[in-house]
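*Asks:* As a plain string of letters, each chain reads:
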Amino acid sequence: MTRSFLGMPATAPPGVGHLRGSEPFPVAARRALSDAQLRRNLGHATATIRSRSAAVVGEVPDWPQLRAAGRAIKTDTMARLPELLEQLEAAVAAAGGTVHWAADAVEANRIVTDLVRAAGADRVMKVKSMVTQEIGLNEALLSAGIEPVETDLAELIVQLGDDRPSHILVPAIHRNRAEIREIFLRAMPGVDPALTDEPAALAAAARRHLRQTFLSTRVAVSGANFAVAETGTLAVVESEGNGRMCLTLPETLITVMGIEKVIPTWRDLEVFLQLLPRASTGERMNPYTSMWTGVTPGDGPQTFHLVLLDNGRSAVLADPVGRQALHCIRCSACLNVCPVYERTGGHAYGSVYPGPIGAVLSPQLTGVEDNASLPYASSLCGACYDACPVMIDIPSILVHLRGRVPHPKAEAAAMAAAAYTMDHPALYAAAQRAARLGRLAGRRGRGLPPPLSGWTASRDLPEPPPQTFRQWWAER
Amino acid sequence: MRVALFVTCLADTLFPQAAMATVRLLERLGHEVVFPEGQTCCGQMHINTGYPHDALRLVRRHVRVFAPYDVVVAPSGSCVGSVRHQHATVARGAGDERLASRAEDVAARTYELSEFLVDVLGVTDVGAYYPHRVTYHPTCHSLRMLRVGDRPLRLLRAVRGLDLVELPQAEQCCGFGGTFAVKNADTSTAMLADKMRHVLATGADVCTAGDASCLMHIGGGLSRLRAGVRTVHLAEILASTEAGVAGTPDGGAVAPAPTTGGTR
Amino acid sequence: MTARELILGRLRAALGGPEPVPVEVARDYRGAGSVAADLDVFVGRLTDYRATVHRCVDADVARTVGGVLGGRQIVVPPGLPGHWLPDSVTVVPDDDLGVERIAAADGVVTGAAVAVAETGTIVLDAGPDQGRRLITLLPDVHVCVLRADQVVATVPDALARVDPHRPLTWISGPSATSDIELSRVEGVHGPRNLHVVLVL
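If you read the sequences in order, they're chains A, B and C. For the first sequence, the residue numbers in my numbering are 2 to 477. For the second sequence, the residue numbers in my numbering are 621 to 884. For the third sequence, the residue numbers in my numbering are -7 to 192.
Here chain A stands alone, though its shape is the one from the complex (with noise of 0.2 Å):
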């Protein structure tokens, strides 16, 4: 807890959940490099979505205008976060729910935990959510001795497996068919031994799994994917009817929400939901939506909380650059159309928000210190901006982040020195000619010393040139 900074903002506590990883990201991306099955699984996966998406993107006359509206109202969300939290509790509340605050990760994981105890379960189902990996509800859970079953078909692969998300959208996007059959005959208790690798025999397979699971559990924890301050209304977007069951069969709903979730008003979902699933699963809608306000007599669980949770939200905030990386909406389009995310997969960010969007926003969260390496994983392209449904201008983040990381002391002596030359015409003519006999010179070594080593391991550098531009242009 950061306590002792007080009505600051404050970023993330380490030692709880998932927003760092264990190595820098050049050194778990070289090891995914070399990993056959997944690049194979990814190349097909992402290639697939892009075609998907990008054809119902191409259906709608006005997308352009509803991209831009999204950035608005998230850009006016962010200004009035403080009194539209407020007003979005008391609109819970007034349509019976109750409202929990949770400063951060530990916060949050002790409010469920709490809550799951009085309703006097040892068992939770849960909606796929990016938030409660995010603050490692799940591990808190089980160290109390209750149990979470994940029942999104991708995060019941990855649970199963042992594993960990890689992806937003499509957690197991990792594997592959025959490897998703060969965790679910050695994990699924009672799996048919005759199991094949079909898609639909797998879904199958899930579907009979979990069913007793949906029919007697008595507490669900779910994310949001919206919440209207205007009305109290939550909302999830999701597909399989998972979702549909942990919010209307158990007694009692626990939704746990990062606090830049929260739109202004009713209206302002027709944007979001045709923004979200066009750009998200390439579908024109996503086969299941539910939304409800507080709780309704007679009609699914009868108590409702909601977690808001900060756990460095405020501290993004605080950057007006930065902060447009809370406008993001979970889509995932930004991890598919990226060349770099497509290659390495979501593993090698070590952050539980991989890819474009998890480069902007895990090191924000966390510190820059913390996740020093992700700034640098992007080959600035651009394909992220022009992807995402609410124009979030990553690649300026990027630049901007990078600008704020601790840097190498070398490095930042090396790049002073270059500045300096290059702010001095003539040494910078000189530094031209020494290059270019540097190079003369040892034209026959093709190697560079490290760290410029990287470059020479894979490619040729080019021939000096018999003399420079402004030699040419002086010499006319």
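None of these hints come from the bench; they were simulated from the model. It cannot be assumed that every hint is accurate.
Okay, the calculated bits of chain A under chain B, using three or more residues with CB under 8 Å as the criterion [what the hints assert, rightly or not]:
id, region
1, 143 to 155
2, 380 to 394
For the chain B half of the interface with chain A, some residues (derived, Cβ under 7 Å), not all of them [stated by the list, open to error]:
id, residue
3, P636
4, N668
5, P672
6, R677
7, R764
8, L784
9, V785
10, G797
11, K803
12, N804
13, A810
Note that beta-carbon positions come from the ideal geometry of N, C-alpha and C, so glycine has one too.
Given chain A, put chains B and C in place with the hints provided.
*Replies:* Using the frame of chain A, we list chains B and C on its own:
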């Protein structure tokens, strides 16, 4: 028209033939080219590596050097992208509003070569001759920062003798990304491998682009493979004519000498 | 200090300024009422996502429902028009049925609140002809009867028509997943068969 050449540090130092070609092309089209000697580097490398404070002096220099000119042209989408989308931000970040607004002024008068030819001069046929099979890589910053669109392709289609072949998955990044290629050398190489595979699949003998940096990357990889495919800057192709005057002093574009290097 | 005060204090500190600057939201996209609904588009979208569409007149609804669910047990919400039900089905009225009983039924027949042509979506608002959310979730076949005048063109049209204070379920095709290699597979936890009866 009087055009100030923004040569870029990379072209000045390592790929002067691209800059010479730009000069010859613009002069052939009847324009006066001047070279403001005080220019060095736009600071993009410093900005993108996380050193905006070091970049500030380079931004200030760039703005001071180019402020007197009505039109500034560079054979680089990436450097023009930095001038247009980053210089004012760096200045504002340092609290220098006056520099920021001067940077915006300069940026508004700065063009990438294909933009300048097509939008300002209104030409697509520049009278070039280049009898080679060529594929075009639309570099990320030209494509997405500047939105040059099909301007380079329109210019290439008008080149006599040129056999233009489409590059598969052209819009995927080549993996250069400035210091990305050094800090994340493995990932960069994986991206480069795919780019080279697509270039080779075209059967082209020349891969061209509007950025010497990306060409250095792609060309460096192709050279390591001894793939027999050269990288040539768009300006060099557009400067080539039947008279054999190419970007290089030896007229190498029409009758190329064998090369072990990357971009020629 | 409570967590609430702490968080709100942090956020106010993060924003700095005393008064938020209002942000103008340009709503120049196609809003409610700007486009007419196209029933053919609606049917095409539904079919595209593997829902089965039947078009008929009101008098033929019972026969159509019988064609899908004849001879089977179906759960029925309390306010469903009786003439939609054929004699060939065993009707199980939802008078606070237990979960297991609902799960044991073969199908469910409901009305709907509104539908969206452009996305092939039907929206349930737990009205009398739709019932509790549960009954359209557990049985494996969902037959939804819609009047043509309930079909609107776009998502903004639909949102303008429903009441946020009712529990809402937006359904676009049968339950599906894309979690395996991002290939779409119909039929996971929700009803694996969705039939839409469009009453002309």
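*Asks:* All hints, please: hold or fail.
*Replies:* We went through each hint and held it up to the structure:
1. Coverage of a stretch by a chain is defined here by at least three residues with a beta carbon nearer than 8 Å to that chain's beta carbons; for the region 143 to 155 of chain A and chain B the count is 0, and the condition is violated.
2. Counting residues of the region 380 to 394 of chain A whose C-beta sits closer than 8 Å to any C-beta of chain B gives 7, which meets the bar of three, so the coverage hint holds.
3. Taking 7 Å as the C-beta contact cut-off toward chain A, the hint placing P636(B) at the interface holds, the least distance being around 4 Å.
4. Checking N668(B) against chain A by beta carbon gives a least distance of about 6 Å; that is within 7 Å, so the hint holds.
5. For P672(B), the suggested interface contact is upheld, since its CB lies about 5 Å from the closest CB of chain A, less than 7 Å.
6. Interface restraint check for R677(B): the shortest CB-CB distance to chain A comes to about 5 Å, inside 7 Å, so the restraint holds.
7. For R764(B), the interface hint holds, the least distance from its beta-carbon to any beta-carbon of chain A being 4 Å, beneath 7 Å.
8. Hint status for L784(B): violated, given a least beta-carbon distance of 23 Å to chain A, over 7 Å.
9. With a cut of 7 Å, the hint placing V785(B) at the interface with chain A is violated, because the nearest CB-to-CB distance is about 22 Å.
10. Satisfaction of the interface hint for G797(B) is found here, the shortest Cβ-Cβ separation to chain A being roughly 3 Å, below the 7 Å cut-off.
11. The restraint placing K803(B) at the interface with chain A holds, with a minimum CB-CB distance near 5 Å, inside the 7 Å limit.
12. At about 5 Å, the closest approach between the beta carbon of N804(B) and any beta carbon in chain A falls short of 7 Å, and the interface hint on this residue holds.
13. Given hint, A810(B) at the interface with chain A, holds; its Cβ is 5 Å from that chain's nearest Cβ, closer than 7 Å.
Violated hints, listed in ascending order, are 1, 8, 9; each of the other numbered hints is respected by the structure.
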